[in-house]
Every structure is written in structure tokens, then in C-alpha cells.
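Chemist: Residue numbers (our numbering), protein chains in the order written: chain A, 60 to 333; chain B, 60 to 333.
Don't read these hints as lab results, they were simulated from the structure. Misleading hints may appear alongside valid ones.
Heads up, the list lumps identical chains together, so a pair's fine if it works in one copy or across two of them.
Straight line, CA to CA, 30 Å or less: simulated BS3-like cross-link-like pairs of lysine-lysine [to be verified]:
#1 K117 - K311
#2 K117 - K326
#3 K278 - K311
#4 K193 - K148
#5 K204 - K326
Number of protein chains: 2
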Amino acid sequence: MINIADAPIGVFDSGVGGLTVAREIMRQIPNERIVYFGDTARVPYGSKSRETITRFSKQIVRFLKTYDVKTIVVACNTASAYALDTLEKEIDIPIIGVVKPGAKVASDATRNGKIGVIGTEATIGSQIYTQYIKEINPEATIYGKACPLFCPLVEEGLWQDPVTDEIARRYLSELIDIDIDTLILGCTHYPLIHSTVAKIMGEGVTLVNPAYETARELKEMLEKNNLLQTTPPALGSNQYQFFVSDGAEKFKHFANSIIQYGILSAKTINIEEY
Amino acid sequence: MINIADAPIGVFDSGVGGLTVAREIMRQIPNERIVYFGDTARVPYGSKSRETITRFSKQIVRFLKTYDVKTIVVACNTASAYALDTLEKEIDIPIIGVVKPGAKVASDATRNGKIGVIGTEATIGSQIYTQYIKEINPEATIYGKACPLFCPLVEEGLWQDPVTDEIARRYLSELIDIDIDTLILGCTHYPLIHSTVAKIMGEGVTLVNPAYETARELKEMLEKNNLLQTTPPALGSNQYQFFVSDGAEKFKHFANSIIQYGILSAKTINIEEY
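Isolated chain A, as found in the complex (with noise of 0.2 Å):
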């Protein structure tokens, strides 16, 4: 008898930010297994309609879908915006993704009411953060900032440079003028410069990564669903498989400085055939 929670998880994301949730959860539950696929031919997300990215998403799970995986993540925050209550209709296996973590987090975390958002122009301007904030904790303000050039700054490698910090000084000050107490990196690429922001936003403001607690709700899920995979994989085995639409060399490259167990192969697949 095939037993379910062997089954891997799929996670998705437009292209690399969505390693650093993998990351976490290889962190937090190092027995399962991971497909993962970065639409690296349609990248960025951020700057796109509900529409397209709905679409690029259905195309998503229906390739993951064909690795019989047992649940899947929604490691962008782009797509869990936009996409998310679509695909919840459309699939039988749960599905997750990054931004109601994100917000439980943060509810929880700030003391004077005042959270800031950062994320792409589609994200902060589907408003999502605010709607999830607003169920938990009504009495919350929140304040959404989109940073179009963090994912560019990111990608080109500027995680701790002069250009950064002044980009970030800009995007980032009417939020400081604000008083928030609690900032969300709502963009899968931003806690790669979580110390710029650090530094900026100072010591007085709690940094959320939803990344984390994406992990540890997925965690939960697994458990109560009895698909926790309590056994160590089989020596050998392939136990994270990663794909892409485009540059499958360029992709292991930018993976490999951010996940340390080695990329063993990522593979190039026609996203549109699905």
C-alpha cells in the first residue's frame, strides 16, 4: 500500500525567492520531500495582473500535480495574493501559502497596532496583507509600501551595498515617519537584505519573515493530516528535485548561495505544455 505521506511537497514560486521558504522548511521538517518549481522563463510576478498570475499558477500546480505531491506551498507572495483563493477551489490536496502566516505573525508581534507591509506593486496592491491583519486583530493599522527595485537589487547580487541602502532609505522612510513597530518582508527575496532593512528601520522594529512560519504551519498541517513524513529518506534518494522554464544552470548557481544542502540537478520544463 502506498503510503501518502511519502508523497513529496510541491512548493512554487516565480523564480529563486521562493528557495528561501524551501530552505526553511528543509529546515523544519528535514524528512520530506521537496519538488519545487521556479517560473524562471516568466519571472518577475510582482509587476503583473491577477489574471496572468492566476493563470501562470494553474499551469503551476497542474506540473506539480504530475509528481503526485501530497500539498503544496505557494512560496510567493505575488501568487498568494492573486492566486491562492483560486487554486484553493480548484485542487484536492491542501494548499498553503506565504501571506496568512505572514500575517499571524505580525498581529502577534506588535504592540502599538502600527504594521508596515513591503512587498511587489501586485502584492501590496491586492491589499491581502491588510484583509488577513484586519481579521485577527481589527484594531491594526497597516501600512503597505511597494519596493519595486528589491527584487533587481537582490538578483544582481547587492545584498549589502551603498545603492541598496539608498533605495531602501527612500522606500522605507515613510514608514519610519509612521512609527510602525512590526515590518513584514512580504517578498520572498527580501530576507536576503534583511540587514539593510534592519539597519534602517532600527532596533525599535520587529522584522517578519513569513518564511518561517509558512514552515511551521505547514509542519501543523502535515501533522494534523497525518502526511508528516516521519522517516528519514532513503540514502541516495532523490530527495529534492527542483525545475524551472528557463536557465536551469543559471537557477542552481543563484540556489546553491542560498540553500546549503547542494542542489544535486534542476531541469528545464515547457511551463506553457500544462
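Assemble chain B onto chain A, guided by the hints.
Modeler: Showing chain B alone in chain A's frame:
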């Protein structure tokens, strides 16, 4: 009898950048009709692979042919670098890119034989400018430099900004050290930061914008093939039509900052269906 000269010119780009080429065509041959396509759902192209860019470009050519275009202008350096050869073999109408015209002007303009090219990772990696320039001027030495942050900075509107200055100084310093006297703006976004690049390179360096020469070669080619439209379009006719794969409203907004003719309409289509 249908006059082929009445047919529109198809122009495509990965997004909005190709509008700098469309603008030049509108200026130089104002009687022509244009069908423009910007692949805003999958922009940018500059960091993606030859296979992917070629697949995307073929879909776009199929779309443009549904408008019975008499010729196609690949108004994107990356697509010109990667896909033009393949496209030429597959279609029965003339097709021109922006690389060859740019290479020609630079070959004519240089006095010391040292030519710089700036562009996307893909365009620079392809060495296509080097190849074309060497055909015209075998003595020339060509120095390519990828500038991946220029496009996001332009799209963020930082056309004249200290951050763009700083990034430009970093990208361009080695070209200054090498003492080039001619620099090709090998990406359709770059004419929008012409003044920044000119300031940093100094007066001794000639900047080449391939858009101008592309429009000139297009005109020559149309004349030679008796395809030039000699009469102005009828009043009220839809002379310029714009299509995108995502975000028609946003495209219109950006397009209107580049083209002064007024973008009457932009329509979103699903390019993956072509």
C-alpha cells in the same frame, strides 16, 4: 485589388522598450500603420535563454501575422540577438532587427576602432554586436558590458537620479578605462537614460541609438520592395494599434510618456495561445 503597401508594419518587444523604436518609425515614415506587441506578461527577456526567447518570439510573429503585416521589426535587442536568424528562415515577409543597424552606425562612427556595447546579459552574452561589427570593420575591437539594473531603474522612472548615476558609473567605468570612442545603447530602454550615460562617458564618446538607424533601414527596405505607404492614413483610421500580453492600462500609461501621438487603445491578448 489589395495594395500590400496599405498593410501595417508589425513591431514587437518584450515590453515597453520597443516603443522607442516605434516612435522613431512614426517620425521617419509617418504614413505607415503599425501593429505593436509588447510581451508584458513575460518581460524581461534579457536574463532568459535563447530557446525561451526564440519560442516567445515565434508566438509573437504568429500573432502579428494575423494582422497581415507586410513586414516585422524586432524592436528588442535580446530577441534580435537570439531569435532573428530562426524567424527569418520561417516567415515569408521581410523581417529586420535592431542589432545590425546599430552595428553599422557604430562601425562608421568610430575613429579609434574601440567600440563599447551595453545591453542585457543575453544580448552581451550572444556577442552578436561583435559579430556584425567585425563583418563591416574587421579591425575594430568591441567591448561588451551587461547592465542588468538599467531596465528596472528606467521602468521605476529613475531616468535622472543619483542612484542611476552611481549604477551607471560602476557599469561604465571599465569602458572609460579602455578608452572607447563609440558606445552602442544596445537595449531599447537605454535611450531613456541617454543623458545619464552621456554625462558619464564624456563628450569624446559618440552614443549610438540603434532605433534611428533601424527606422531608416526599414524605410529603405520598404522603398526597395515597393511597400512604402505614400499616402497618409484616412482620418479616423486606427493608424497605431497596441497589444500586450498583460496589463494594458499600465502599458498605456508608460507608452504615453514615450510616444507623443497618443495611444488610443491597448488590448491584452493571451500570447501563449499563438
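Chemist: Each of the hints needs a verdict: does it hold here or not?
Modeler: Verification of the supplied hints:
no., hint, verdict
1, K117 - K311, "both (24 Å within a copy, 27 Å between copies)"
2, K117 - K326, "both (20 Å within a copy, 23 Å between copies)"
3, K278 - K311, "within (26 Å within a copy, 45 Å between copies)"
4, K193 - K148, "within (23 Å within a copy, 58 Å between copies)"
5, K204 - K326, "between (35 Å within a copy, 28 Å between copies)"
Hint compliance for this structure: no hint is broken.
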